[in-house]
Amino acid sequence: MRIIVCAKQVPDTSEVKIDPKTNRIIRDGVPSILNPDDANALEEALLLKDKDPNVTVTVVSMGPPQAKDMLIECLAMGADECYLLSDRAVGGSDTWATSNAITALIEKIGPFDMIFAGRQAIDGDTAQVGPQIAEKMHLPQVTYVQKFEISEDYKKVTVQRQLEDGYEIIEVATPCMLTCIKELNNPRYMTVSGIVKACKPDAPIYVKSAKDVECDLSKVGLEASPTVVFRSFTPAPKAPGQIIKGEDERELSKNLLAKLKEKHAI
Amino acid sequence: MAVVINQELCKGCKICVKNCPFQAIDFDETTRKATINEKCTACSVCISKCPFKAISKDESDEVDLSAYKHIWVFAEQRDGELMGVAKELIACGRRLSRDISPETKCYALLVGNNLGALGQEAIEWGADGSILIEHPLLEHFNTDGYTKVICDAIQEMKPEIILYGATHIGRDLAPRVAGRSNVGLTADCTGLEVDLEKYKAYCAKETTLDLSTLEGEDPNDKCIKQTRPAFGGNLMATIVSKKTRPQMSTVRPGVMSKQERVPGAQGEIIKVTPKLEESDIRTKIIKIVKEAKEMVSLTDAKIICSGGRGLGGPEGFKLIEEFANKVGGVVGSSRACVDAGWIGHEHQVGQTGTTVKPDIYFACGISGAIQHQAGMKNSKLIVAINKDPDAPIFGIADYGIVGDLYKVIPMIIEEWDNFSTAL
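So the sequences go chain by chain: A and B.
Per the numbering used here, the first sequence starts with residue 1, numbered consecutively.
Per the numbering used here, the second sequence starts with residue 1001, numbered consecutively.
Everything labelled a hint here was simulated from the structure, so no lab data went into it.
Check each hint, because a few of them may be wrong.
To be verified - Capping the alpha-carbon separation at 27 angstroms, the derived lysine-lysine pairs in BS3-like fashion look like this:
#1 Lys108(A) / Lys200(A)
#2 Lys1357(B) / Lys263(A)
#3 Lys219(A) / Lys1053(B)
#4 Lys108(A) / Lys1053(B)
#5 Lys219(A) / Lys1049(B)
#6 Lys1205(B) / Lys259(A)
#7 Lys254(A) / Lys1380(B)
#8 Lys259(A) / Lys1049(B)
#9 Lys1014(B) / Lys245(A)
#10 Lys263(A) / Lys1287(B)
#11 Lys1387(B) / Lys259(A)
#12 Lys1407(B) / Lys254(A)
#13 Lys1302(B) / Lys219(A)
#14 Lys1053(B) / Lys1069(B)
#15 Lys108(A) / Lys1287(B)
#16 Lys1407(B) / Lys17(A)
#17 Lys263(A) / Lys1258(B)
#18 Lys1014(B) / Lys108(A)
#19 Lys1049(B) / Lys1069(B)
#20 Lys1200(B) / Lys254(A)
#21 Lys68(A) / Lys49(A)
#22 Lys208(A) / Lys1049(B)
#23 Lys1275(B) / Lys17(A)
#24 Lys261(A) / Lys1318(B)
#25 Lys1302(B) / Lys245(A)
#26 Lys1407(B) / Lys261(A)
#27 Lys1243(B) / Lys182(A)
#28 Lys1357(B) / Lys219(A)
#29 Lys1200(B) / Lys219(A)
#30 Lys1271(B) / Lys263(A)
#31 Lys219(A) / Lys1039(B)
#32 Lys1284(B) / Lys155(A)
#33 Lys254(A) / Lys1387(B)
#34 Lys1243(B) / Lys1200(B)
#35 Lys1200(B) / Lys156(A)
#36 Lys1326(B) / Lys259(A)
Unchecked claim - Partial selection, computed: residues in chain B whose CB lies under 8 angstroms from chain A:
#37 Gly1191
#38 Asp1195
#39 Leu1381
#40 Gly1400
The beta carbon of each residue, even a glycine, is placed where N, CA and C say it ideally should be.
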């Protein structure tokens, strides 16, 4: 059985800060990481591989050449091989165009039984690429997967799909697309031997161009994307508030509540 | 963009017929040639499959954007109950429709089975009319069925804009519909405007955008300007889809405000008969489990008492709960506490949790990461209680207390009744 895992290298947004003078994002020194939900997707595939050595885990990604670092991490966690679609022609793609490009890459790789993807990436938070790859590949999908089981013959999958106030139990036949959330599992750490293997020059990380995967250039990249950024900016900073003064906690509390009362809030 | 088969080059091999995922290619037995029917979605699968290069995409016939009219709101219902976000988006869609033109209408799109009075209810929440798509196979949400009937309805009725709630259902459905319709979709919008002047007013209030950069824009272009956070709320972007219709957005629950319900409001109810078969739906719902824990209605709460990492451990939420009980509030949490397993994810406020705007938001031991701020900064009053005077939360708080929350909160609880006017 072959499992495809969709992964993305993202800036660690919890480390992103705004320059208070220029109101611009400070990107320097912000570490790039494997997108958290994608780590859960990879972990679930690796759990299947732990049980059955005949399972192959293939990670696919799209991004700049440095995204290879993230793929090394995937290999060191236990993936068998990684493919990176890296080409200026696919740069600036929105979710629709990205799904076209990744679909072309997956089709080039060949037959598979299942695709795991993270629910969403923390840089864009759209949660759109997984379902849109499924749409382009005509696969059924289940999103927000928090629990996963597969039949012994790998033909049928039973999952829990998280809802706001509970969950659904859903059955679906393979091949299918499942998008994973953090409740699904705890991603493993890289192993030392895995890191050594993944860093070798002949490690199975394959970088492909748009031409290599024969993607339709009229459906990828900035120009082909139906959505465009009209303007971008930082949110307006809020006027500074007031620090409540007081001798002790009781006075602090009284002074605060007096302010809230003054504002007719309580 | 339509797919065409060159009848001269077609050899009648039927490979395209077999490969079409949408049964959109017919084989004409008399001419022995393949032809495209109306089910074609221009997905282009057939183009690469044809061994004779007889199939191509006609790029010349640009989509006639003016053929697309009116706003649809996907009025999500679960078990026959209209979701809060549907009501919020109906009010939003109504406002936008008036800004486009007096003739533009806002329709609630209801998908399900035996929807009964929901069409009328949507009208009472502000929709000009309701479009009802009912079928036994649509009883519960399923991606395949809902996507198919909505895409079919889009093809037939051509709406200009569709808004969806960014719920676990909306975020499953909308990308699929956008993918099949080959149109743009903008996720988790926090601001929607069609009118340029109103967009400018929004930017002046909420953003740091230099308004002079908008001077060259056409005031008559009523494309929807969809503003959303990116990079965990550090950056905002306004997204437009100028070339494709319908334009689609998802909006988080709690971001827009619903309007007063008008009992007996009049509106048109349009019933659409969907074409749907059991084989269209590839997933099977075995069971729907409602979790026994009480529903946390953060979106409707007037007061929220939220705890963060500063609580030091799960037992800290006992104090927060006591605080919330005293002030008639609801318990919220930062992501850190949810990730640490101190409290359930249904309490989480922020970019990946719930967006809230209560009258008072008490942030207790919350440092105020930008992702958290994204979910609560529109609260009317923000009170921060934190030991660290440099915590970013003080930057957006209206009132701050620098101190030990374990000492401060019990005092607020003690003093509350001496100040509160509520009985």
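Which earlier hints turn out false for this structure, listed by number in ascending order?
Per hint list: 8, 9, 10, 13, 14, 15, 16, 19, 20, 23, 27, 28, 29, 30, 35, 37 and 38 violated.
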